[in-house]
Amino acid sequence: MNTDNKKTIVERIRSLKSLIQHARVIEDDTQVVARSLAEQYVFPEVYQLEASLAKNMQHMKDILSDSYDFHFREFLIASLNRQGAVVFIEGMTNLELINMQVIEKLMLPPVPGMELSPQDEMFSYLKDTVLSVASISKLDVMDEAVKRLLSGDTLLFVDGINWLIVIESRKMEARAISEPETETNVRGPREGFVETLQTNITLLRRRIKNPNLITKKVVIGVRSETDVAVVYFRGIADAKVIHAVEQRLKKIAIDIPTGIGMLQGMMEDHPYSPFPTMLATERPDKVVSSLAEGKVAVIMDGAPFVLLAPTTLSDFFQTSDDYNEKWAISSINRLTRHVSSLFAIATPAIFVAITTYHPGMLPMLLAVNIANTRIGIPFPAFLEAIVMIILLEVLQEAGLRLPKSIGPAVSIVGGLVIGEATVRAGLVSAPMVIVIAFTAIASFNIANYRLNLIVRLYRIPVMILGATLGMFGVMLGYMFLIAHLSMIESFGVPFMEPMIQKSFKQFSDIKDTFIVAPPSVMDERPEYLGPEDAKRQKE
Amino acid sequence: MLKGRVRTVLSLGVLVCLTLAMTGCWDRKEIENRGFVLGVAIDHVTTPEPKGQYDLPHVTQEFGERKYRVTFELPRFRKGEEKGTSGTESHYIFNGEGESMFQIVRSVSAKTYFSFFFEDTQVLIFSEEVAKEGIREILDYFLRNPGMRRKVKVFVTPGRAEEILNGKLTVEEVNSIFIARITQNADAIPRFAVISTLGDAAEAIQGNHSFVISKIVMENGDVKLTSAALLDTQGKMVGSLDEREVAGGKIIRQKLKGGAFSIPNPANPEKLAVFEVVEGKFSVNSHIDGDRLWFTVEAELAGNLGENTETGQKALDPDFLAAVEKNMAAEFTAMALDAYYKQQALKADALDLGSLVHRQYPKYWEIVKDRWDEEVFPTVPMEVHIKVIVRRAGMMS
Amino acid sequence: MNPFPRISQWQLLTLCFIAAFGDSMATLPRSVGEIAKEDMWLSVIFGGVLFLFTVWTAITLASYYPNSTCIEYHQILLGPLLGQILNAVMIVLLLLVPILSIRSFVVALKIYLLDVTPTFVIVLSLLTFITYSAQYGLLPVIRVLQFTFMSIHSFFFIVVLLGLFSIKASHFQPFLAQGIMPVLKGAIPSWYSYTGPEFVVCLLYPFFIQKNKVLTYGFVSVLVLTAVYTLITGIVQGILGVAETTRMLVPTIIAYRGVEIPDTFIERLDGYFFSMWIPVLMVCMLLWVYLAVFGIKQMARLEYSRPVVILVCSLILYFVVAIPNLQTASTISEWANYALLAWGMGVLPLLLALAWWKHRR
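Residue numbers (numbering that gives the first Met the number 0), protein chains in the order written: chain E, 0 to 538; chain A, 0 to 396; chain V, 0 to 360.
What the hints contain is simulated information worked out from the structure, not anything from laboratory work.
Nothing false has been slipped in among the hints.
Think about it this way: if two alpha-carbon atoms lie no more than 25 angstroms apart in a straight line, the pair counts; the simulated DSS-like pairs of lysine-lysine are: (1) K256(A) <-> K325(A); (2) K254(A) <-> K167(V); (3) K184(V) <-> K362(A); (4) K109(V) <-> K150(A); (5) K357(V) <-> K210(V).
Make a model of the complete structure from these sequences and hints.
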């Protein structure tokens with residue numbers, strides 16, 4: 000009898016436990032259902048502004064629900080003798096301004112002689128005499144009001160009125176202007192763009208004090224309402240390009256753009272091509288010189304990069320250092336960059352092709368030397384090259400992601416130790432290590448990070464072509480690249496444009512592609528941009 | 000998934016790439032697996048019966064006898080710092096016996112994993128017996144197949160050609176490379192013939208004229224380039240030119256650029272005076288008068304007095320120098336004429352005189368060109384006028 | 000795809016040069032040397048001078064109808080049926096040249112660079128490139144040509160010039176030994192090397208910007224072409240001599256194989272010559288294929304190039320692989336040479352006379 004009892008007790012406890020667990024699960028589920036019923040997506044335009052303060056406040060609370068950073072402050076407006084309320088988001092607003100210039104001014108009794116008379120309009124009364132803020136406007140749409148609230152402005156509701164007043168009071172924390180990380184230079188300015196749109200535009204305006212520098216605002220993102228500015232030089236930039244940029248921006252129908260790259264991807268002419276047709280830069284001086292040439296800049300709030308359109312291939316090889324040094328030195332540097340990009344793509348392929356298919360192209364002693372180093376290597380040359388390139392890519396990514404203190408050590412460890420050890424172990428031959436190391440260094444020589452990535456990407460197909468078809472394959476890879484580059488256009492301008500002259504008078508464009516001409520010669524804007532006003536310098 | 004058109008294009012592209020990858024890289028051969036043939040030596044087969052138990056040198060051919068023994072020298076690839084010495088430690092030797100060069104090369108490949116690669120060949124050596132029979136047929140393989148360059152140096156050797164490649168030299172290099180590098184001295188030493196390359200030989204054979212190939216001998220680990228072999232239009236060796244005749248021939252071919260020549264010292268015939276040629280101006284012309292043809296050679300050779308063993312004689316004495324010049328000129332004239340008569344006797348014109356006539360009198364050449372070497376050339380007289388100028392006499396008088 | 004691209008004079012120069020300079024430089028010395036012997040370089044010059052006449056004819060004919068391509072004005076001049084037949088003949092010629100050139104190039108490639116690789120693979124990869132480049136219209140093709148002209152052709156030219164190190168003056172004599180007739184007769188096989196610009200002009204005339212300068216620039220390009228061909232022939236002749244040049248299948252490569260630059264390690268130039276030659280040929284074939292595609296598009300009034308390009312390239316692939324052996328290929332190329340000669344020296348002047356007569360009234 001006892002054991003039976005015991006069993007049933009244990010069983011009962013077990014069943015009770017499972018019951019409790021089930022109950023808990025059901026409780027969680029019900030809570031989830033309740034929450035999802037309570038928290039639905041809110042469309043602010045559904046709500047209307049009413050004449051009652053209490054109703055408006057209720058609407059605001061519905062829209063903004065429980066987010067703790069919304070603040071509501073109700074008070075008595077002395078001059079109007081009505082209740083009023085101020086709504087703002089903490090952290091985005093200038094609390095001092097709200098306290099001093101809005102609430103205090105409203106709560107104080109009016110200056111004698113400046114009372115509200117019945118024929119005065121309330122808004123102009125408040126604007127002209129009471130509120131001492133710089134930017135003030137009137138709104139009667141809830142949708143717009145919520146957007147302004149979320150941009151950092153303060154909303155002022157007055158009881159009995161079905162419109163509200165928007166006071167601009169933005170103050171946000173932002174990163175300080177610091178040196179751009181991805182584009183370093185020796186002699187140029189060290190300011191880089193930050194994430195705030197207004198600061199970025201200020202950086203540009205400080206350098207071009209000309210009223211013809213137009214900034215137009217476009218709002219992108221249905222749910223994020225991100226501000227995007229289109230900046231151009233009226234009278235210099237080609238009207239076709241400006242129009243195309245604005246049209247494409249307006250056509251973007253995305254809910255939240257996550258970064259400038261996504262914006263670029265939706266605006267570009269050739270989103271499937273690996274080559275970017277808009278240049279992203281972090282440096283204000285580069286944007287300024289591009290604007291002066293006639294390009295259009297697109298700045299997005301929240302991204303420290305600015306997009307420039309139209310872009311051509313030669314833009315990727317230009318750095319601001321070129322214009323700050325003497326022209327002869329800069330010409331050599333630029334030529335080196337072009338040649339390095341070629342080396343960075345083709346060197347492993349050419350090495351593999353020549354040693355395995357056409358050793359007759361090497362001088363005999365070199366060929367015997369290379370053959371000597373390859374005795375005993377278990378892999379064919381092609382596989383060696385692939386292994387080394389994979390190692391290189393892994394090292395490069397690793398060096399990028401690690402914290403700054405370990406980054407360089409990893410590269411040194413990777414490069415020297417692993418390279419040396421593999422050669423000594425007889426897994427990889429020494430000339431191959433040299434070739435790959437040279438390729439890596441050549442690819443670092445390219446000024447633009449994006450082009451660097453493309454070069455790294457394209458290296459492997461060219462090597463595969465070189466390893467299957469020898470020099471014929473390498474040349475085929477080169478020609479495919481040229482064909483692809485010739486096909487691409489950027490906002491109506493062919494991608495290869497200044498390197499390929501359309502006519503004899505365009506030959507002068509060479510002065511900025513492969514070489515850098517002395518400043519007195521660079522007195523015209525580039526032909527290919529079709530500027531409205533071509534001369535830059537007076538004679 | 001992807002839209003229809005993009006999908007078709009992509010799949011087509013993948014298909015194309017896959018076909019490439021599936022069938023493999025046809026021509027790829029790792030560099031250490033290529034057999035860089037550095038030297039080729041061709042002999043006659045001494046004993047045409049099987050050698051050894053399995054007769055390894057035998058070459059399978061459907062038609063043709065076991066006529067030539069071809070030896071290939073390949074470098075031995077060695078990892079690391081020790082370069083090794085000459086001889087068996089630095090090279091591989093392969094042999095094949097047959098008649099067709101093509102089939103010999105292919106069947107020697109059955110003995111090794113190297114695939115023979117002729118683009119870096121440095122020397123091609125024939126034995127004298129083979130040369131006497133004619134090298135034209137043998138050269139056909141090397142010219143027709145795109146492997147060999149035209150700058151391969153061709154030699155003839157009196158003994159067995161394979162011993163030049165087999166032998167152990169006193170220097171630490173692969174034999175063929177060493178031999179090829181000796182020829183770099185050619186401009187200073189006129190004793191051996193103008194180094195003839197495969198291209199020269201081919202040009203001569205195609206153009207139907209005779210040519211010379213230099214001879215090489217090897218003994219006790221020493222290699223020496225000596226006289227020259229004279230081959231006629233069919234590529235058959237008809238004789239040899241000794242060193243003096245070679246130098247004379249160089250005068251007629253307008254190529255004498257350097258070298259030391261000794262004559263009896265004018266002051267004391269038992270001692271020597273040595274003249275070193277520094278610069279040479281030549282003018283060789285053919286003249287036709289009606290049916291008669293003759294050649295004139297005019298040369299002006301300038302140089303230095305290299306050695307004067309009659310120490311009592313002052314070297315800067317103008318009479319002495321004039322005598323040296325006169326005697327030297329006489330010696331050069333004799334050399335040139337000797338070379339000329341020797342070649343006339345052998346009925347082979349390797350002095351470029353036929354093409355000279357072709358250039359200067361093309362109509363006459365059209366008439367005689369088929370009979371040039373045998374009939375017309377041996378009868379043509381030549382006048383030689385040489386002037387020698389001594390520019391300096393060295394550091395002391 | 001811009002329906003009305005504009006071509007400038009510089010681009011015209013490039014187009015005319017590249018249309019002709021493709022595959023024939025490899026075998027030009029042999030075909031001319033067989034007839035003209037030591038004066039082969041003179042024959043080449045003479046061929047160029049002869050070709051100037053054809054270019055002039057083509058440009059003058061096109062200037063009578065400045066806004067139509069030749070597909071259209073053939074129909075105007077000869078009536079619709081005969082005009083279309085002539086157009087079809089022209090398209091066949093435009094396709095024949097790539098087939099023959101690609102084939103001869105692949106033969107040379109297999110001899111010297113890639114031995115065992117099947118012909119099919121090489122031709123397929125070449126045609127894949129051409130398909131990819133030609134499908135986007137005229138302007139991308141022109142850009143490819145221009146960029147290649149500036150980068151590859153200049154290196155090619157440097158390599159060609161390096162051959163001057165090994166020439167021997169005696170290979171050029173005797174001068175005019177056989178009289179002037181062989182020189183003139185030798186110009187005939189060189190026609191295949193020069194052909195190209197007349198088709199460029201007649202098909203693309205409406206797109207040129209400055210039509211009155213077309214004649215000048217056309218002439219300039221033919222002169223440049225003549226100079227380059229003479230240089231190459233002269234160098235090959237200087238290195239190899241007449242007898243060898245006529246015996247070798249591809250004398251240019253053999254000549255460069257023997258070039259050694261003194262005191263450097265550069266021993267054989269033929270590898271570099273060949274590597275530079277590959278893109279030169281690819282680009283030339285691209286232009287010819289595009290011209291054929293353009294002609295077909297005009298004849299059939301199609302809008303997009305892509306389907307036509309794929310069709311044309313498949314045809315070319317089939318025919319290149321279908322030619323069985325060397326004799327067939329050389330017979331066909333001889334016929335092609337005569338056909339092109341007939342087109343240039345016969346058909347075009349006739350059409351010009353017809354147009355002049357029609358416009359006189």
